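Participant: Be aware that the sequence shown starts at 1, since it is given in UniProt numbering, and climbs by one per residue.
Accuracy of the hints is not assured; some may be wrong.
The list that follows gives simulated cross-link-like pairs (lysine to aspartate or glutamate, EDC-like), each with its CA atoms no further than 16 Å apart [to be verified]:
1) Lys298 <-> Glu141
2) Lys298 <-> Glu320
3) Lys298 <-> Asp325
4) Lys298 <-> Glu287
5) Lys298 <-> Glu288
6) Lys277 <-> Glu288
7) Lys277 <-> Glu287
No lab work stands behind these hints, which were simulated from the structure alone.
Model, not experiment: these values are computed from the prediction.
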Amino acid sequence: MSNSALEQHPLLPWLALQHTRGIGPVRAIRLRTQLGEQWYHSLQHARGLSEEQQEQLQTPHTSVLEPLLEWQQQAPNRHILSWDDPAYPELLRAVSAAPLLLFVEGDISMLSRPQIAVVGSRHPSYVGRENTNNLVPPLVEAGAVITSGLAIGIDGLGHRATLNAGGLTLAVLGSGLDRCYPKRHLRLAAEIIENGGALLSECYPWEGPLAHHFPRRNRIISGLSLGVLIVEAAERSGSLITARYAMEQGREVFAIPGARQNPQASGCNRLIQQGAKLVSNANDILEELVAFSVAAIKVRPAATEELLPYPELLDNVGLETTAVDLIASRCQQPVQEVLTRLVELELAGWVESVPGGYVRARRS
1 MSNSALEQHP LLPWLALQHT RGIGPVRAIR LRTQLGEQWY HSLQHARGLS EEQQEQLQTP
61 HTSVLEPLLE WQQQAPNRHI LSWDDPAYPE LLRAVSAAPL LLFVEGDISM LSRPQIAVVG
121 SRHPSYVGRE NTNNLVPPLV EAGAVITSGL AIGIDGLGHR ATLNAGGLTL AVLGSGLDRC
181 YPKRHLRLAA EIIENGGALL SECYPWEGPL AHHFPRRNRI ISGLSLGVLI VEAAERSGSL
241 ITARYAMEQG REVFAIPGAR QNPQASGCNR LIQQGAKLVS NANDILEELV AFSVAAIKVR
301 PAATEELLPY PELLDNVGLE TTAVDLIASR CQQPVQEVLT RLVELELAGW VESVPGGYVR
361 ARRS
C-alpha cells in the first residue's frame with residue numbers, strides 16, 4: 001500500500017487515540033459520539049484537549065498501521081475492527097471503556113452471537129472439572145457460544161467441553177494473537193478456529209502477555225456475554241474480576257456453590273452471598289437469560305444430569321493414594337462415616353480402594 005493510501009486509512013484516527021496520552025477509551029468514544037462520523041477532522045472543536053494532545057492526535061501512526069495490515073493479510077480470516085465498525089459486537093460496544101480496536105482470527109460472526117462466559121480457577125478441583133464438563137454441553141445444545149479466556153484450568157476445560165459437544169467457542173486472549181498464551185494451548189486455539197470459532201484480543205498481534213492485559217481481557221469476556229458462569233474460584237481470583245465487570249455491565253452472574261472446606265469454592269460462595277444466582281444445573285442459567293435476551297437460547301427440559309455423590313469427599317480423593325484419616329480430617333467428618341461413604345462411592349465406581357487408602361477412579 002502506498003504512503004498516501006496509508007495516510008488516508010480509516011484505522012489511523014483510532015491508532016492516534018490509542019497512542020495519545022491522557023485519552024483513554026471512555027474519552028475517545030465520547031469524542032467520537034460528540035463530533036459525529038467526521039470526528040477526526042473536527043478535533044479543533046473538541047473541548048479540553050491540550051496542544052500536546054492535539055499534536056499527538058494529528059500524528060499519522062503509519063509505522064504501527066503497516067505491520068497491522070500485513071498481519072491481517074497473512075490469513076483470510078483475520079480482521080481488525082474499530083469501535084465504529086458495523087461488525088463490532090453491539091453488546092461490547094455499549095460497555096463503558098470498550099476497546100477502541102479488536103483483533104480477530106476466525107469466524108467474525110461469533111462476536112455477535114449469543115454468548116455465555118464460563119470462567120474459573122486455574123487449578124480446579126475434581127468437582128470443578130466435572131461441573132464444567134457437565135454444564136457446558138447443555139448450554140451448547142441450547143444455542144449459546146461459550147466464551148472464555150484460554151487460560152489453563154476452567155477456561156481451557158470450557159473451550160474443550162464446547163468443542164467435544166460440537167459447539168462454537170470464542171477465546172479472548174490477554175496477549176496478541178501471534179503470541180498465544182499459554183503456549184500449551186496453541187493446539188486448542190487452532191482447534192477453536194478450525195471448528196468455526198474465533199480468537200479475539202485488543203492487544204496488537206505481536207504483544208506478549210503482561211499482567212495488566214488480563215483484567216482488561218476479563219472486561220471483554222463479560223462485555224461480550226449475556227451472562228457469566230463462575231465454575232470455581234478462590235477468594236482472590238481473576239475470575240472474580242470478571243464477575244465484578246459483569247455486575248457493572250448489567251450482565252447476569254452465576255456461581256456454583258462448593259463445600260466450605262474447599263478453598264477453590266470460597267469465591268463462588270461469596271458471590272452467591274452478594275447476589276449471584278446459585279447454579280445446580282444448566283436450566284438455572286438458561287431460564288434467566290431468555291427473560292432479557294432476544295437471542296435464540298432455548299431452555300432445556302428439566303435437567304436429568306447425574307449429581308455428584310458426596311462431592312466434599314470426592315474433592316479430597318486424589319489420583320494418588322489418599323489415606324482415609326486424611327480425607328476425614330480435611331472434610332472434618334468422623335472416620336467411620338467417611339469410610340462408609342467411601343465404600344458407597346467405590347460401589348458406584350467413583351473411587352477405588354488401594355493399599356494405604358483410596359484413589360479416584362477414572363470414571364467416564
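Participant: Does each hint fit the structure? Answer for all of them.
Facilitator: So, going through the hints one by one against the coordinates:
Of the pairs offered as hints, the one joining Lys298 and Glu141 holds, with about 8 Å between alpha carbons and a cut-off of 16 Å not exceeded. Proposed proximity of Lys298 and Glu320 is contradicted: the alpha carbons are some 41 Å apart, above 16 Å. Between the alpha carbons of Lys298 and Asp325 the distance comes to roughly 46 Å, so the proposed pair goes past 16 Å and is violated. Restraint check: the Cα-Cα separation between Lys298 and Glu287 comes to about 8 Å, which is no more than 16 Å; the hinted pair holds.
Taking the CA atoms of Lys298 and Glu288, the gap is near 11 Å; set against the 16 Å cutoff, the hint holds. At most 16 Å may separate the alpha-carbon atoms for a hinted pair to count; Lys277 and Glu288 meet this at roughly 9 Å. A distance of roughly 11 Å separates the Cα atoms of Lys277 and Glu287; the hinted pair therefore holds under the 16 Å criterion.
In this structure, the earlier hints numbered 2 and 3 are contradicted, and the remaining ones agree with it.
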